[in-house]
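A.B. asks: The chain contents come next:
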Amino acid sequence: DSGVTQTPKHLITATGQRVTLRCSPRSGDLSVYWYQQSLDQGLQFLIQYYNGEERAKGNILERFSAQQFPDLHSELNLSSLELGDSALYFCASSPDRGNEQFFGPGTRLTVL
Amino acid sequence: AQSVTQLGSHVSVSEGALVLLRCNYSSSVPPYLFWYVQYPNQGLQLLLKYTSAATLVKGINGFEAEFKKSETSFHLTKPSAHMSDAAEYFCAVSRGDKLSFGAGTTVTVRA
Chain A
1 DSGVTQTPKH LITATGQRVT LRCSPRSGDL SVYWYQQSLD QGLQFLIQYY NGEERAKGNI
61 LERFSAQQFP DLHSELNLSS LELGDSALYF CASSPDRGNE QFFGPGTRLT VL
Chain B
1001 AQSVTQLGSH VSVSEGALVL LRCNYSSSVP PYLFWYVQYP NQGLQLLLKY TSAATLVKGI
1061 NGFEAEFKKS ETSFHLTKPS AHMSDAAEYF CAVSRGDKLS FGAGTTVTVR A
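So the sequences go chain by chain: A and B.
Heads up, the first sequence is in my numbering, so the first residue is 1 and it goes up one at a time.
Heads up, the second sequence is in my numbering, so the first residue is 1001 and it goes up one at a time.
Hints are supplied without guarantee of correctness; some may be wrong.
With a straight-line Cα cutoff of 27 angstroms, these simulated DSS-like cross-link-like pairs (lysine-lysine) come out [unchecked claim]: (1) B:K1098 / B:K1049; (2) B:K1098 / B:K1069; (3) B:K1058 / B:K1098; (4) B:K1049 / A:K57; (5) A:K57 / A:K9; (6) B:K1058 / A:K57; (7) B:K1068 / B:K1049; (8) B:K1049 / B:K1069; (9) A:K9 / B:K1098.
Residues from chain A that face chain B, not an exhaustive set, calculated with beta carbons under 8 angstroms [to be verified]: (10) R22; (11) F45; (12) G52; (13) A56; (14) G106.
Label-pair ranges, simulated between beta-carbon atoms [unchecked claim]: (15) B:L1056 / A:I60: 19 to 25 angstroms; (16) B:E1015 / A:E54: 45 to 51 angstroms; (17) B:Q1042 / A:S80: 27 to 33 angstroms; (18) A:T5 / B:E1071: 35 to 41 angstroms; (19) A:Q44 / B:N1041: 28 to 34 angstroms.
FYI, nobody ran anything at the bench for these hints, they're computed from the structure.
The structure displayed is predicted, hence computed values, not measured ones.
All C-beta atoms, glycine included, are put in the ideal place defined by N, C-alpha and C.
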């Protein structure tokens, strides 16, 4: 158990819909990262927040957005969902701007 | 840009045999390097990391990796495979906050 929690574990929705994925980092970790894992794209970095501020952006679509709240939990919002958005979404946290990241169990999103 | 290349998307080994997973990185300066393991239906777990303190890094579950600057490699090894080592393994590189992952190598262990 990494100490990072993600909810929900599974999510099934339809095209065009909007969903919110939630992540609680390890106690004391200030950085939260979001990744997308799919068969065709592999593991892709989406976005990072550090202590409530966006720190780095990766291959995140404009339909996707994230935020980190004062209690340091984070949410990833996915809107206008397409079939190709079906993937595993991981959250990771780290204690500072360092390099070791601890991953949550992931949310499996299925778009029908 | 930092990147890693994992050679071989699938590796099959016999139980008790050597496990060797290859990773090459591209970087103009020594990066931080990691190996993560992903068991079926689980998140990624850190196996080991290289942060320039020592070129031979020992990790969990009997794995180790050697950083070779001349070869820009960070190959992962385990002397004797166990059935529980069946999983997907990812090499990753970072500078700053961002991790870039390789495509992954799936390891199967034959009894």
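A.B. asks: When the hints from earlier in the document are held up against this structure, which numbers fail?
C.D. replies: Structure breaks hints 6, 10, 12, 15, 19.
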